[in-house]
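S.K.: Chains as they are written, first to last, in numbering that gives the first Met the number 0: chain E, 0 to 242; chain S, 0 to 242.
It cannot be assumed that every hint is accurate.
To be verified - Okay, the calculated bits of chain S under chain E, using three or more residues with CB under 8 Å as the criterion:
no., region
1, 4-11
2, 102-108
3, 143-149
4, 152-165
None of these hints come from the bench; they were simulated from the model. Using N, Cα and C, we set each Cβ at its ideal position, and we do this for glycine too.
Number of protein chains: 2
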Amino acid sequence: MSSAVRAVCLLSGGQDSSVTLAEARAAGRETFALSFDYGQRHRHELDAAARVARALSAREHRTVRVDLSTLGGSALTDAIAVPKERSHADIGRGVPPTYVPARNTVFLAVALGWAEVLGARELWIGVNAVDYSGYPDCRPEFLRAFEALASVATAAGAERGERFEVRAPLLSLSKAEIVRRGLALGVDFALTHTCYDPIVRDATVLACGRCDACQLRLRGFAEADVPDPVRYVRDRSGASERP
Amino acid sequence: MSSAVRAVCLLSGGQDSSVTLAEARAAGRETFALSFDYGQRHRHELDAAARVARALSAREHRTVRVDLSTLGGSALTDAIAVPKERSHADIGRGVPPTYVPARNTVFLAVALGWAEVLGARELWIGVNAVDYSGYPDCRPEFLRAFEALASVATAAGAERGERFEVRAPLLSLSKAEIVRRGLALGVDFALTHTCYDPIVRDATVLACGRCDACQLRLRGFAEADVPDPVRYVRDRSGASERP
């Protein structure tokens, strides 16, 4: 059995969680990638997560079904419109309609359960500063509160005094820094999927380029001065593929 | 719209969560009962939860699928033997094999998500002192840590400073006191299901009478000097139905 420190890494299949998994690997962790089927409106994210886990040599990759759509309340799981073409100022203001209530709390809770089974004491999550302006469960105080909870919630914590650590290596990086860090760590961004509202044309998944997630991603690649290898409905080089 | 305080109440269908739901109703709450299909080895619990929610006039009852069996590690979701005929001293010692890693953390996290959607600020849970000797996530320090987490994890907490409260009215009651309290509140214990390892004979669900859950339940009824209306494999009046 390997003596490497085990880490459960939340992996959505987007660029941030993929870079986070690469960071855990670079730190010498034995990684266990965890994805969620939570009633998202599309499955391309889960396909991307499987590709990324394989490419980054995760020891295991599991997908847990948590049917949050049963509870309603988000454009990501309900029939609420995904906002488009919002300004960068608006993206950073208030809780957006794509917020899934308590999503990161649920995801980290399940990760904690798997960590207990595996004997892992680290949970890695790809939250970052640009996101947490809008999402309450992406802030540092949330991550610290979860660590405190984990240490009293588990047999390892309660019986043996072991501490759980939530690692968020992207927390204070800009989207451009995340792109550069990912490239340095060998992340193949062509494998990732970020868009909230993709379409499939001729068996190819095309990102919309207009939802908050696409806009943040595109800004990151633009600021890093690197082309985004993912395909968009509207070709970013200028030639529109859209009627 | 009712002005009653809304409460999300975790409801497994066992006696403790049923009495907890009755307590929330008695306290004037508008109750939203939440059950989980988490890969338990049997579905009788979920049937019981639906019966109890109806009998106790829950405003809504929802069942969320959270596939914890994907992660392994418990006799309740895996092919690990449910322990039988353990002494009361053993039941109260250490983490039992029926412990599902981080189960209450996951359940409260999902409850928190529903509470956000509903505008509820209370989560009611039927943990109690007899259980928490073995289960780390049944202890008061766990409940307080979850309240702290909830208040930073949510839009209501982060933006409007609202606090979430975890109510555990059975926390310091004995199993006999829970039975007496339930009867005083009009709980029909015949509707509940507690056994970890039931069998079905002639279309009737029979509790095993020997697992930890049955033993704690039976002790509660015996100490309250009240007959348990649930049917057991071995008739508790003395006549064995078992070959």
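S.K.: Work down the list of hints and note, for each, if the structure agrees.
M.R.: Evaluation of the provided hints:
no.	hint	result
1	4-11	violated (count 0)
2	102-108	holds (count 6)
3	143-149	holds (count 5)
4	152-165	holds (count 6)
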